[in-house]
Amino acid sequence: MTQLALVIDLNVCVGCHACVTSCKEWNTSGSAGYLSDDRPYGEDPTGCFFNRVQTFEVGEYPRTETVHFPKSCLHCEDPPCVPVCPTGASYKRPEDGIVLVDYDKCIGCKYCSWACPYGVRELDEHQKVMKKCTLCVDRIYDTGLPEDERKPACVLACPTSARLFGDVHDSDSGVSVAIREEGGYALMPEWGTRPANHYLPRRKTHISIHRDELDRYDNPLKKEGELPKPDISEPSLDDVTSW
Amino acid sequence: MHPALSVIFLTTLIGVGQGLFLALYTAESYHAVGLLPAQSPQFYAAGALLAVAFLVAGLVASFFHLGHPERAWRAAAKWRTSWLSREVIALPVAMGLMFVYGAVHYMGWDLARLGIETGIPGDLTLLVGALGVVATFGLFLCTAMIYASIKFLQEWASPLTVINYTVLGIASGFTFATLFAALFDTELVNFFGGWAIIATLAALVTRLSSLLRNAHIKYKSSTQTAIGVRHSIISQRSQGFMSGSFNTREFFHGASRLWFRYVKWIFLILVFPVPVVLLGLGITGDSQGALTGAFAAQYTGLLAERWFFFAQANHPQNLYYQTVG
Chain A
6 MTQLALVIDL NVCVGCHACV TSCKEWNTSG SAGYLSDDRP YGEDPTGCFF
56 NRVQTFEVGE YPRTETVHFP KSCLHCEDPP CVPVCPTGAS YKRPEDGIVL
106 VDYDKCIGCK YCSWACPYGV RELDEHQKVM KKCTLCVDRI YDTGLPEDER
156 KPACVLACPT SARLFGDVHD SDSGVSVAIR EEGGYALMPE WGTRPANHYL
206 PRRKTHISIH RDELDRYDNP LKKEGELPKP DISEPSLDDV TSW
Chain B
462 MHPALSVIFL TTLIGVGQGL FLALYTAESY HAVGLLPAQS PQFYAAGALL
512 AVAFLVAGLV ASFFHLGHPE RAWRAAAKWR TSWLSREVIA LPVAMGLMFV
562 YGAVHYMGWD LARLGIETGI PGDLTLLVGA LGVVATFGLF LCTAMIYASI
612 KFLQEWASPL TVINYTVLGI ASGFTFATLF AALFDTELVN FFGGWAIIAT
662 LAALVTRLSS LLRNAHIKYK SSTQTAIGVR HSIISQRSQG FMSGSFNTRE
712 FFHGASRLWF RYVKWIFLIL VFPVPVVLLG LGITGDSQGA LTGAFAAQYT
762 GLLAERWFFF AQANHPQNLY YQTVG
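First to last, the protein sequences are chains A and B.
According to our numbering, numbering within the first sequence proceeds without interruption in unit steps and concludes at 248.
According to our numbering, numbering within the second sequence proceeds without interruption in unit steps and concludes at 786.
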């Protein structure tokens, strides 16, 4: 079974919002569109988005760290938003695990958005139906596109390659390897939704130098400086001669 | 959560209707075992019609909640998994049975018309009414389970939600039935009024229990689990947009802290002590004015109670929308 998903690397996300704008651009003109906006250049702009980038500060000054956190539908393997839908408009595709909304069946009761702990479903205020990330389902299977472009718009837009896309059920896929080897985790595991999307944590490369690495214990006389340089014909020895 | 007026009216109005129907059937079953005198068929027919009217009014209110009310018929599709779908089925079933109950009373039919001789007067209405009672309790269950089944809305995810919806519906329905009996000038005023007081006091116990429970909730989700960073100090610096979105409108009640605190006391006073006192006065003093006041106060209080019920629920998605930026 296939479960397509995104893996988002918080270690390299710089919070540029390129994924947000490319998502909006693609989807407002794609088959999931339009994503309506109100007063986009006015005082109190609002609109429907599938993807957001948020920023969190971890720790207390001066020991703080900024975490940019992209958030979109996690395409849960046990999505709580699907069984609550009274019409069946909200569904999970068995073939690739993408959670979608059938706009023609949606009655706009908002119950699915209540049933999603992550707040990734947004009601389109003009079409009056629930909308959410489609994982660019109208892109990823489009054989009219070159193969390396059959990826969600957000993945293609990311300048730091913080977004990986693939099948998390295939153990050898890039996303599975990343989750396995880079410590990928799921959000709010306490609700048992089993999100397909995973996040890779901030990872820092530390080098640890021990005291015995600074002190030369192989130099018991603590004699620094040039070692004797015997004649070229003499045998040379590590730590004893300079050759 | 943002309390939607449509849902507040839906749940309170159908609660009154269901309670009223239960009151009528209680009176009839007491009569069937000889504990109460018989009532005129018009009394039951008019009462059932009023109960249906409350349910219809609730149904109409619910349509205002939908983005596409013209597709509402589709909502019956997923009854296997969705409590909302089950409610969409239970509501017309209860409504239909209440209507048939009233109609059978009005026409004076019994099972003998179908060739079944039971020898019990009013056997058909007792039978239809019993089915109506099952449907009514089913509807209470479905309505409340819509909220109680969302496990991460921890204020709602409790059997107390179902109990409160049921008991508050019964209390308001019996209060209305008391007024209705007084208007119809029957001797059922004391009977309905007594049960209305008992149901209201029972509701006070169950509602206070849920308030107490909710005051001590330990939330399972935190900013730590929301973004998956293990650090005791995490604060949001930006939610990703400057102005509002669906997420900031739908999941926050938007009222001031002061109002939020007041509403609890407003409903605690209006739903429980005021109607009990007015019911007592209405019964003893035979005053229709006091009974009208009792129902008006209790229903107004229930609107506040339902507002508070929604406003109090804290959705975990709010963890992602703490700071504009």
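Source of the hints: derived by calculation from the structure; they are not laboratory data.
Mixed in with the good hints, there may be bad ones.
[Unchecked claim] To be clear about the criterion: a stretch of chain A counts as covered by chain B if any three or more of its residues have a C-beta under 8 Å from a C-beta of chain B, and this derived list gives those stretches:
{"hint": "1", "segment": "25-37"}
{"hint": "2", "segment": "58-64"}
{"hint": "3", "segment": "69-83"}
{"hint": "4", "segment": "137-143"}
{"hint": "5", "segment": "159-168"}
{"hint": "6", "segment": "177-183"}
[To be verified] With a straight-line cut-off of 25 Å between C-alpha atoms, the simulated BS3-like cross-links for lysine-lysine are:
{"hint": "7", "chain 1": "A", "residue 1": "Lys-133", "chain 2": "A", "residue 2": "Lys-156"}
{"hint": "8", "chain 1": "B", "residue 1": "Lys-725", "chain 2": "B", "residue 2": "Lys-679"}
{"hint": "9", "chain 1": "B", "residue 1": "Lys-725", "chain 2": "B", "residue 2": "Lys-612"}
{"hint": "10", "chain 1": "B", "residue 1": "Lys-612", "chain 2": "A", "residue 2": "Lys-115"}
{"hint": "11", "chain 1": "A", "residue 1": "Lys-97", "chain 2": "B", "residue 2": "Lys-612"}
{"hint": "12", "chain 1": "A", "residue 1": "Lys-110", "chain 2": "A", "residue 2": "Lys-133"}
{"hint": "13", "chain 1": "A", "residue 1": "Lys-234", "chain 2": "A", "residue 2": "Lys-209"}
{"hint": "14", "chain 1": "B", "residue 1": "Lys-681", "chain 2": "A", "residue 2": "Lys-115"}
{"hint": "15", "chain 1": "A", "residue 1": "Lys-110", "chain 2": "A", "residue 2": "Lys-97"}
Bear in mind the structure is a predicted one, so any value in this text is a computation, not a measurement.
Heads up, the beta-carbon is just placed ideally off N, CA and C, and yes, glycines get one too.
Pair hint Lys-110 of chain A and Lys-97 of chain A, alpha-carbon separation not exceeding 25 Å:
Roughly 14 Å separates the two Cα atoms, so the pair holds.
Take the C-alpha atoms of Lys-681 of chain B and Lys-115 of chain A, compute the straight-line distance between them, and say whether it is at most 25 Å.
OK: Lys-681 of chain B and Lys-115 of chain A at ~23 Å, within 25 Å.
Straight-line alpha-carbon gap Lys-110 of chain A to Lys-133 of chain A, limit 25 Å:
holds, 11 Å
Are 3 or more residues of the segment 69-83 of chain A near chain B, judged by a Cβ distance of less than 8 Å?
With 4 residues in contact (Cβ-Cβ under 8 Å with chain B), the coverage given for the segment 69-83 of chain A holds.
Need the status of pair Lys-725 of chain B, Lys-612 of chain B: alpha-carbon distance at most 25 Å?
Roughly 23 Å between the alpha carbons, so the hint for Lys-725 of chain B and Lys-612 of chain B holds.
With a C-beta cutoff of 8 Å, work out whether three or more residues of the segment 58-64 of chain A approach chain B closely enough for the coverage to hold.
Answer holds; 7 residues pass the 8 Å Cβ test.
Hint check: Lys-725 of chain B vs Lys-679 of chain B, CA-CA at most 25 Å. Holds or violated?
Measuring from Cα to Cα gives roughly 21 Å; hence the hint holds.
CA of Lys-612 of chain B to CA of Lys-115 of chain A, is that 25 Å or under?
holds, 17 Å
Restraint status (C-alpha distance of Lys-97 of chain A to Lys-612 of chain B at most 25 Å):
Given pair Lys-97 of chain A, Lys-612 of chain B holds - Cα atoms ~20 Å apart, limit 25 Å.
Taking a Cβ-Cβ distance under 8 Å as contact, does the segment 159-168 of chain A have three or more residues in contact with chain B?
Per the Cβ count (0), the hint is violated.
Examine the segment 25-37 of chain A: at least three residues should have C-beta closer than 8 Å to a C-beta of chain B.
violated (count 1)
25 Å Cα cutoff - pair Lys-133 of chain A, Lys-156 of chain A:
violated, 28 Å
The structure does not agree with the numbered hints 1, 4, 5, 6, 7, 13 stated previously, though it agrees with the rest.
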